[in-house]
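K.L.:
Chain F: place on chain L using the hints.
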Amino acid sequence: MRNLFVALVYFSFFIVGASAPFIFALGYVWVDTFYPQYVTDGLLTQIPISFLMAIAAIGGYFLADRRSPPKFNLSLKLILLFAVWTTITLSWAVVPADAWFKWGWAFKSVLFAVFIPYVFRTRVQIEAFILVFYFSCAATFIPTGLKTLMNGGGYGMNLGLIQGHNVGLSESSFQAAAAIAFIPILVYLREYSLIIPPLKTPRLMMFAGLIVADLACSLGTFARTAIIGVIILVIPMWLQSRRKILFALLAAVAGVGILTVATSPAWENRISTIGTYNKDSSAYTRILMWMWTLKFVGEHPLGGGFNSHEISVIEMPSLNGEPGYVEKGRAFHNMYFEVLGEHGFPGLAIFLLILFRSLMLATQVVRRTRNRPDLVWACNLGKALRTSLMVMMACANFIGIGFQPVLWYFIALPICLREYVRRVERDELAVKHGATDPAAPLAPLAGSLP
Amino acid sequence: MIDTLTILYTSGMVLLVLIKAAQLDRQMPWFAQGGTAKKTARYNWRRNPGPADERPTENPTP
Numbered sequence: 002m003r004n005l006f007v008a009l010v011y012f013s014f015f016i017v018g019a020s021a022p023f024i025f026a027l028g029y030v031w032v033d034t035f036y037p038q039y040v041t042d043g044l045l046t047q048i049p050i051s052f053l054m055a056i057a058a059i060g061g062y063f064l065a066d067r068r069s070p071p072k073f074n075l076s077l078k079l080i081l082l083f084a085v086w087t088t089i090t091l092s093w094a095v096v097p098a099d100a101w102f103k104w105g106w107a108f109k110s111v112l113f114a115v116f117i118p119y120v121f122r123t124r125v126q127i128e129a130f131i132l133v134f135y136f137s138c139a140a141t142f143i144p145t146g147l148k149t150l151m152n153g154g155g156y157g158m159n160l161g162l163i164q165g166h167n168v169g170l171s172e173s174s175f176q177a178a179a180a181i182a183f184i185p186i187l188v189y190l191r192e193y194s195l196i197i198p199p200l201k202t203p204r205l206m207m208f209a210g211l212i213v214a215d216l217a218c219s220l221g222t223f224a225r226t227a228i229i230g231v232i233i234l235v236i237p238m239w240l241q242s243r244r245k246i247l248f249a250l251l252a253a254v255a256g257v258g259i260l261t262v263a264t265s266p267a268w269e270n271r272i273s274t275i276g277t278y279n280k281d282s283s284a285y286t287r288i289l290m291w292m293w294t295l296k297f298v299g300e301h302p303l304g305g306g307f308n309s310h311e312i313s314v315i316e317m318p319s320l321n322g323e324p325g326y327v328e329k330g331r332a333f334h335n336m337y338f339e340v341l342g343e344h345g346f347p348g349l350a351i352f353l354l355i356l357f358r359s360l361m362l363a364t365q366v367v368r369r370t371r372n373r374p375d376l377v378w379a380c381n382l383g384k385a386l387r388t389s390l391m392v393m394m395a396c397a398n399f400i401g402i403g404f405q406p407v408l409w410y411f412i413a414l415p416i417c418l419r420e421y422v423r424r425v426e427r428d429e430l431a432v433k434h435g436a437t438d439p440a441a442p443l444a445p446l447a448g449s450l451p
Numbered sequence: 069m070i071d072t073l074t075i076l077y078t079s080g081m082v083l084l085v086l087i088k089a090a091q092l093d094r095q096m097p098w099f100a101q102g103g104t105a106k107k108t109a110r111y112n113w114r115r116n117p118g119p120a121d122e123r124p125t126e127n128p129t130p
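These protein sequences, in sequence, are chains L and F. According to the working numbering, the first sequence is numbered sequentially starting from 2. According to the working numbering, the second sequence is numbered sequentially starting from 69.
With the rest of the complex left out, here is chain L:
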C-alpha cells in the first residue's frame, strides 16, 4: 500500500503541476529530500524519478511561468560563481574519478539554489516550498523521534526511513542539525501558515507535536552536534521573544521533559565527551583531519577538487590505553574544511560570502518589514530563516554538508523572501509615484492573500 501511495504522490506533482508549474519544482524538492526510490520498492525504483521531475520543473518554468523574475542579485551571482569554481577545480582534482562522481550531485544542489528564487516568488509559493521541504525531511525526523521517545535512541543507529543508503539525512549528526534548524520555522508556520487549514487547536497541536518529534529526533541520534544546535537555536529565539521570562520557563520545562524521556546514561556518556574531545577517538580524529586539511591547502591553495579527503592519512596516537593507528581517507567532518580542502581559499571565500549574504538578506527583511502590519509574516519568517541558517552554520562545524541540498535550500529561502519584499516595495513605489504604466498593478501584489 505504501508503494502505491508514494507513487500516487509522485504522479500528483505532474497532474497538479499542469495547472501551476511551480508544483513541478516542489516535486523536485520532495524527490531530492524524501528519496522515494529508497523508501519504497515499487514502480518508483524503476524510473529516473529525479531526472523526470527536474525536466518538468525547468520546462514548466521556461514554458509557462516566467513571471516576475527576481533581480539577478549578488547572492545569485555568488552561487553561480561557486558552481563554476567548483567545476573548474575538477581540472586539478587529486582523485578525478571520485571528484566527478561528487560533482554530479553537488553541482545540481548548488545550481538548483539559483533556480529556487525564480520559481518560488509569492507568499503561497514560498510557504509551499517550506512545507514540502519540511515534510520531506520529517519522514526522517518523525520515526527517529518516536522511536527515541519509546525506546531511547543510540549512537550510529539509523532509525529513519532510509536504510542502507548513505544519502541526505541518513547521517545522524546531519539529521540532528536539520531537525533543530526546522524548529523556528515550525513556530512560524504555527501562527502564519496560509496553506495548513486555520483550525486553531488542531494546527497548534500538530506543530507542537512536530517540534517535540524534531527535538527527540535530534537527541535520539546521540550526536553532540545536537547540543550545539540547541544552544544556537535557543539564544536568538529567546532574544526575539517578547515574553522572555515565559519563554525561558517554557524552554526549561520542555528541555527537562525531553531530556528525561529521550535520554539515557548512554546518551549522557556520549555527550560528556564534548568536554574531553582529546580523549575521544572520534572527536580527536576530526581535529587531526582538520589539521591535515590546513597542511594540504598550504600546498594546494586552490584545493584538491571534490573528495580530496580520500588521499588523507592521519596518525592517531594512543588514547585511553588503545594502541595508535593510521587512518586513510577520513572525511572532513566540517563543512568549512570540506570546502577549503576541495576548492581552496577562493572556494571557501565565495562560500562564506554566500552564507553571510543569506543571513544579511534575512536581516534586511526583518528590518524593512518590522513596522509593517501587512508584512508581519515576512518579518517573522525572516527571523525564523535567520535562526535556522545560523543553526545549520554552527552545526556544520562538525559535519561535511557543504553540498547537501538541505543546506542549499536554507541558503536560498532568504533570497526568495528578500525578493518578495523587494517586489512589494517596487510596486508600492510605482503606485506612489502615480505610475501610468498600463502594466501597473491592478490588485494586491506578490501573493498578498488574506
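In short, the hints are calculated from the structure, not lab data. Among these hints, one or two may not hold up.
Think about it this way: if two alpha-carbon atoms lie no more than 30 Å apart in a straight line, the pair counts; the simulated BS3-like pairs of lysine-lysine are [unchecked claim]:
| no. | chain 1 | residue 1 | chain 2 | residue 2 |
| --- | --- | --- | --- | --- |
| 1 | L | K201 | F | K88 |
| 2 | L | K109 | F | K88 |
| 3 | F | K88 | L | K72 |
| 4 | L | K103 | L | K78 |
| 5 | L | K201 | L | K245 |
What follows is a set of in silico ranges between Cβ atoms, one per label pair, in the way DEER data are often shown [as the list claims (entries may be wrong)]:
| no. | chain 1 | residue 1 | chain 2 | residue 2 | range |
| --- | --- | --- | --- | --- | --- |
| 6 | L | F346 | F | I87 | 42 to 50 Å |
| 7 | F | Y77 | L | A284 | 32 to 40 Å |
| 8 | L | L205 | F | T72 | 22 to 30 Å |
| 9 | F | Y77 | L | E323 | 41 to 49 Å |
| 10 | L | Q241 | F | I87 | 28 to 36 Å |
| 11 | L | T88 | F | Y77 | 34 to 42 Å |
| 12 | F | T72 | L | P324 | 39 to 47 Å |
| 13 | F | I87 | L | P97 | 44 to 52 Å |
| 14 | F | Y77 | L | I228 | 22 to 30 Å |
| 15 | F | I87 | L | I89 | 41 to 49 Å |
| 16 | F | T72 | L | P70 | 35 to 43 Å |
| 17 | L | G258 | F | Y77 | 20 to 28 Å |
| 18 | L | L44 | F | Y77 | 19 to 27 Å |
| 19 | F | T72 | L | R371 | 39 to 47 Å |
Fair warning: this is a prediction, and the values are worked out from it, not measured in the lab. Here a beta-carbon is modelled for each residue, glycine too, at the ideal position from N, C-alpha and C.
P.N.:
Structure of chain F alone, referenced to chain L:
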C-alpha cells in the same frame, strides 16, 4: 508500523500542500505582478468576463 504511518502522514501532508498551494496560487492575480498589459487585461476579463466584443484582443490599443 511507525515507518508506514510516517510515510502516509508526511506524503499525505505533501499532497495536501501541493493541492492547496495550487488552488491558492490560482486565486492570485498573477499577471498583476509585472505581467504585460495584454495579459493583465486578458486575465481580468477571464475572471470577470464582459460582453464578447470587449474581450481583449491580441494587440490592445494603448
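K.L.:
Now, for every hint given, state plainly whether the structure supports it.
P.N.:
Against the structure, the hints:
Distance check on the hinted pair: K201 (chain L) and K88 (chain F) sit about 18 Å apart at the alpha-carbon level, within 30 Å; holds. As the CA atoms of K109 (chain L) and K88 (chain F) are separated by approximately 28 Å, the hinted pair is consistent with the 30 Å bound. For the suggested pair K88 (chain F) and K72 (chain L), the alpha carbons sit about 28 Å apart, so the restraint of at most 30 Å is met. Taken as a hint, the K103 (chain L) and K78 (chain L) pair is honoured in the structure, with Cα atoms around 22 Å apart against an allowance of 30 Å.
For the hint pairing K201 (chain L) with K245 (chain L), the CA-to-CA distance comes to about 24 Å; that is within 30 Å, so the pair holds. The hint said 42 to 50 Å for the Cβ distance between F346 (chain L) and I87 (chain F), and at roughly 48 Å that hint holds. Evaluation of the 32 to 40 Å hint for Y77 (chain F) and A284 (chain L) yields a pass: the beta carbon distance comes to about 36 Å. Hint check: L205 (chain L) to T72 (chain F), Cβ distance near 26 Å, so the stated range 22 to 30 Å holds.
For the pair Y77 (chain F) and E323 (chain L), the beta carbons lie near 44 Å from each other, so the given range of 41 to 49 Å is met. In this structure, Q241 (chain L) and I87 (chain F) meet the distance hint of 28 to 36 Å, their C-beta atoms being roughly 33 Å apart. Take T88 (chain L) and Y77 (chain F): their Cβ atoms lie about 39 Å apart, and the range 34 to 42 Å holds. Checked against the hint of 39 to 47 Å, the C-beta distance between T72 (chain F) and P324 (chain L) comes to roughly 46 Å, which is consistent with it.
One distance hint, 44 to 52 Å for the beta-carbon pair I87 (chain F) and P97 (chain L), holds here, with the actual separation near 46 Å. A beta carbon spacing of about 28 Å between Y77 (chain F) and I228 (chain L) agrees with the range 22 to 30 Å that was offered as a hint. In this structure, I87 (chain F) and I89 (chain L) meet the distance hint of 41 to 49 Å, their C-beta atoms being roughly 43 Å apart. For T72 (chain F) paired with P70 (chain L), a C-beta distance near 42 Å keeps the hint of 35 to 43 Å intact.
In this structure, G258 (chain L) and Y77 (chain F) meet the distance hint of 20 to 28 Å, their C-beta atoms being roughly 23 Å apart. The supplied range of 19 to 27 Å is met by L44 (chain L) and Y77 (chain F), whose beta-carbon atoms lie about 21 Å from each other. Under the hint 39 to 47 Å, the C-beta atoms of T72 (chain F) and R371 (chain L), about 45 Å apart, fit the expected range.
Hint violations for this structure: none, all hints satisfied.
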